[in-house]
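*Asks:* Okay, here's what each chain looks like letter by letter:
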Amino acid sequence: MSTLTKPEAAGTPAGAGDAFLSVRDLRVRFRTEDGIVKAVNELNFDLEAGKTLGIVGESGSGKSVSNLAVMGLHNPRNTTIEGSIKLEGQELIGLPQRDLEKLRGNKMAMIFQDSLAALSPYYTIGRQIAEPFMKHTGANKKEGRERAIEMLAKVGIPQPDKRVDSYPHEFSGGMRQRAMIAMSLVCNPKLLIADEPTTALDVTVQAQIVDLLKDLQQEFGTSIIFITHDLGVIREIADDVLVMYAGRAVERGTMREILKTPQHPYGWGLLSSIPRINASVDIPLRPIPGSPPSLLNPPSGCAFNPRCEFREQVTGDKCRTERPALEEANGHLSACHLTPAQKQSILTEQILPRLSS
Amino acid sequence: MLRFLTRRALGAIVILFLLVLLTYLAVMSLPVDQAMLNCPKGCSPQQLAIVRHNMGLDKSNFEQVLDYVKGLFVGASHGADGFCNAPCLGYSQSRHQFVIDVIMDNYPATIMLALGGSVCFLVIGVTLGMVSAWKQGSLFDTIASSFSQLGQSTQIFFVAPLAMALFVTNLHWLDKPGYTPFTEDPISSITGMILPWLVLSIIFWSNYTRQVRSLMIEQLSEDHIRAARAKGMSNRYVWWRYALRGAMAPIVTIFGLDLGVVLSGAVITEVSFGIHGLGMLAVKSVTAQDTQLELGVLLFSAAAILVFNIVVDAAYGLLDPRVRIG
Ligand SMILES: Nc1ncnc2c1ncn2[C@@H]1O[C@H](COP(=O)(O)OP(=O)(O)OP(=O)(O)O)[C@@H](O)[C@H]1O
Ligand SMILES: [Mg+2]
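First to last, the protein sequences are chains C and D.
Heads up: the first sequence begins at 180 in this note's numbering, then just goes up one per residue.
Heads up: the second sequence begins at 542 in this note's numbering, then just goes up one per residue.
For reference, chain C alone in the conformation it holds in the complex (with noise of 0.2 Å):
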């Protein structure tokens, strides 16, 4: 299990950053002819070497702007990124672009939830793959090629010496996200942020994938932070969670304890919005009633106060108005007015029995 810098506040840098990738308040903005989209706030985590954080979160909740943001991927004509982003020690945020594209493909990957649209129509599997091993190691065509035959093989394309010529497609979408990791994974990176690879795939090709992605973690040591809705997949493969929402933090630990005892109103939301397998029929699925809330204007106070159940049950009008920090509670981090004492007596009592069949 990595390990957590536990006692924080919100904002505060914590830890030296001596972490494998150590993100610390991190706040991404977006200039829009609407205004200023607050997409990502005071966001801090870190990442130990060959583990994998996985992040969960509605949409909207800000995965994606904020792995983007460690790729330097935003366009900096209309967006501000603030905080500390330390890859080995190396501040991200502020590096020239020239020396990001050393690090992207190379250091770093990523990998999309639409193969389809993240690979161009117009060139073969075989050169998107070589292209970026070419690129960081100097490598010739002819090398590219059998670089990109061999990353194949390896993600288990059969006839990866024919399929190499193939465009994307030629390719199912399961092959696709596969030819995908290859890609991604051509030059040994040492971090891979995974942006929701399973989601448009079916399930039986969604644990294949995950499968894969675990098999190259053993052999390669990478780092993996994974994006998804699915909290099956991160029981699967996640050994610490992060929990967002509106753009922030809400619940952090490790992946039992976020699957098993969730110490925050919209993590219990969302475990009761899961369907079970063994679940008997008559339990009703409980969807996250209302909508997310506008990152324009973010309600005040506690973001998710407006869908909260047990607003009610917290003194004064905290919830409205005082946003709550980033604290432990019941063995790891949760942003919730909440007593710890009544965090736990609301799972044991109401939430865990509404799950069990």
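Heads up, some of the hints might be wrong.
Facing chain D, a subset of chain C residues (Cβ under 10 Å, in silico) [stated by the list, open to error]:
no., residue
1, G251
2, P300
3, V365
4, L534
None of these hints come from the bench; they were simulated from the model.
Ideal Cβ placement from N, Cα and C applies to all residues, glycine included.
Using the hints, position chain D with the ligands against chain C.
*Replies:* Frame of chain C, contents of chain D with the ligands only:
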């Protein structure tokens, strides 16, 4: 590819055939007596009948069309004027020549105008579009798009005389425009065409500027551009190899279609600058009431457009691996 081309060529032939049928019938329904036009002043009814017979006008409409189509495929004999080889487009009464020969005499000027003009509008239009996309929202972008709008709403018959008055009459920068065969005198062949090229390109390049700009901006927002940058490819590489590559197929399509249009004769430009090309020939055939010539020019132009339509579709198949032709 071969199958595609044969299929499309056959389709084009069918279209041309229908075109012959329709235009022939339309021309024949005109209240113009071709025989009368070709009979010396005050000719007797007997003479008129002979002329009419020689021109095949005494046959039924159906037979005349059939003769014409037959001429297209196997040629036709034209009495004293000799044998007209296939594709025979008939005999021009005003030029006293076979129509196909008249067209071939005039076509080089159209080719010269079309090729030079299309290079101009392609280069100007694409360059402005690329820079506008690169500097999106800048002063350059604004100015370029205003100019595009201006270009699009301009009329050649308005610009051509103005340009001539300015550059030829007043400033003496250029000689009076006109067509000289390139093989005869390359220099004056080109200098004589500079003004027509530029004026012709005005109505075309603005379209490229707008298209290229929006295509590039659209391409740059695609996921695969972000993925390519995530691989560490530089902005410049992504711009040229990914975005431009994606914008290429539509641009080539538009260009092929435009090329077909200008190669089928730019009537107004040719007339404005006194260039004896296909467009000018079309106008003259109409004023001379030379129906065979009219018909021939029309068919030839239509064929040029059809050929370029096929070329465009074939090119699209080559440029976009997702499109299968065959
Ligand atoms: N370039 C941009 N300009 C303006 N707003 C943006 C931009 N990119 C993202 N956003 C906004 O930032 C917020 C967070 O988006 P993000 O893509 O990180 O969500 P996500 O958590 O990845 O969601 P999903 O699960 O749907 O992928 C969203 O509200 C989105 O509209
Ligand atoms: Mg996302």
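*Asks:* Run every hint past the structure and note whether it holds.
*Replies:* Hints, one by one, checked against the model:
1. G251: It holds, given that the least Cβ distance between G251 (chain C) and chain D is near 9 Å, below 10 Å.
2. P300: Holds - the Cβ of P300 (chain C) comes within 10 Å of chain D, reaching about 5 Å at its closest.
3. V365: Cβ of V365 (chain C) sits 8 Å from chain D, so the hint holds.
4. L534: violated, 36 Å
Of the numbered hints listed earlier, the single one contradicted by the structure is hint 4.
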